[in-house]
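Engineer: Below are the chains, spelled out letter by letter.
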Amino acid sequence: AQRVTQPEKLLSVFKGAPVELKCNYSYSGSPELFWYVQYSRQRLQLLLRHISRESIKGFTADLNKGETSFHLKKPFAQEEDSAMYYCALSFTYGSQGNLIFGKGTKLSVKP
Amino acid sequence: DAMVIQNPRYQVTQFGKPVTLSCSQTLNHNVMYWYQQKSSQAPKLLFHYYDKDFNNEADTPDNFQSRRPNTSFCFLDIRSPGLGDAAMYLCATSSHRESYEQYFGPGTRLTVT
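Chains A and B are the protein sequences, given in the same order.
Start counting the first sequence at 41; every next residue gets the next number (our numbering).
Start counting the second sequence at 400; every next residue gets the next number (our numbering).
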């Protein structure tokens, strides 16, 4: 069965420190992976998707099929990065984009 | 601004009393989704509409129904809410023109008393 695992419920770092939010998935086919972010009192929104290979707000994520991981990284965390981060998998590639979400990691960046 | 709107933001209903949550969008997206998110859990897809085609997830309880009268509106009907149905309900939309990136509404928090 398709599954997305985010092992950390809470990650707390100091401003300027590197941050890595872990995401592992299980899926036998070719997945499409996403990171969604929810800032305080705001709606859930797309941060980045693996096929775009973009860096958004300084965040990057590389799909590692061997390790079935899609960890989100940023070299220098900022206080405004504090939010809830969800890793998500689409198992209908190129189709209707149905998503399976992980349980989320709350990132807290301290001054 | 084009967006996804959910009303009401907070809904209180009694055990067993039918309730309807609504979602509207100004994005003209052809796909609309309903998710259920319980506290500290991942959003869970209940069903989605691809245009007028309804797609139910296999494990969505029969207690949950949906209607999409036109492109802009989609409703979630809970026929007989139980205490376990208390959750945040998220509506999202997407379009093949935007590679099915999902745009979420702010959610409706449902309380069952």
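Because the hints were derived from the structure by calculation, they are not lab data.
Owing to the predicted nature of the structure, the values given are computational and were not obtained by experimental measurement.
Glycine included, C-beta positions come from ideal geometry on N, C-alpha and C.
Heads up, a few of these hints could be off.
[As the list claims (entries may be wrong)] In silico PhoX-like cross-links for lysine-lysine, where the CA-CA straight-line distance does not exceed 25 Å:
{"id": "1", "chain 1": "B", "residue 1": "K451", "chain 2": "A", "residue 2": "K143"}
{"id": "2", "chain 1": "B", "residue 1": "K416", "chain 2": "A", "residue 2": "K143"}
{"id": "3", "chain 1": "A", "residue 1": "K62", "chain 2": "B", "residue 2": "K437"}
[To be verified] Distance windows between CB atoms, simulated:
{"id": "4", "chain 1": "B", "residue 1": "S438", "chain 2": "A", "residue 2": "S148", "range": "44 to 54 Å"}
{"id": "5", "chain 1": "B", "residue 1": "A457", "chain 2": "A", "residue 2": "K105", "range": "19 to 29 Å"}
{"id": "6", "chain 1": "A", "residue 1": "P115", "chain 2": "B", "residue 2": "N462", "range": "40 to 50 Å"}
{"id": "7", "chain 1": "B", "residue 1": "N406", "chain 2": "A", "residue 2": "G56", "range": "19 to 29 Å"}
{"id": "8", "chain 1": "A", "residue 1": "E107", "chain 2": "B", "residue 2": "E456", "range": "23 to 33 Å"}
{"id": "9", "chain 1": "B", "residue 1": "R466", "chain 2": "A", "residue 2": "S148", "range": "13 to 23 Å"}
{"id": "10", "chain 1": "B", "residue 1": "K416", "chain 2": "A", "residue 2": "P151", "range": "13 to 23 Å"}
{"id": "11", "chain 1": "A", "residue 1": "K150", "chain 2": "B", "residue 2": "N454", "range": "37 to 47 Å"}
{"id": "12", "chain 1": "A", "residue 1": "T45", "chain 2": "B", "residue 2": "T512", "range": "29 to 39 Å"}
{"id": "13", "chain 1": "A", "residue 1": "S68", "chain 2": "B", "residue 2": "Q413", "range": "40 to 50 Å"}
Engineer: Hint by hint, say whether it matches the structure.
Structural biologist: Against the structure, the hints:
no.	hint	verdict
1	B:K451 with A:K143	violated, 30 Å
2	B:K416 with A:K143	violated, 30 Å
3	A:K62 with B:K437	holds, 22 Å
4	B:S438 with A:S148: 44 to 54 Å	violated, 18 Å
5	B:A457 with A:K105: 19 to 29 Å	holds, 27 Å
6	A:P115 with B:N462: 40 to 50 Å	holds, 47 Å
7	B:N406 with A:G56: 19 to 29 Å	violated, 42 Å
8	A:E107 with B:E456: 23 to 33 Å	holds, 28 Å
9	B:R466 with A:S148: 13 to 23 Å	violated, 40 Å
10	B:K416 with A:P151: 13 to 23 Å	violated, 47 Å
11	A:K150 with B:N454: 37 to 47 Å	holds, 43 Å
12	A:T45 with B:T512: 29 to 39 Å	holds, 34 Å
13	A:S68 with B:Q413: 40 to 50 Å	holds, 44 Å
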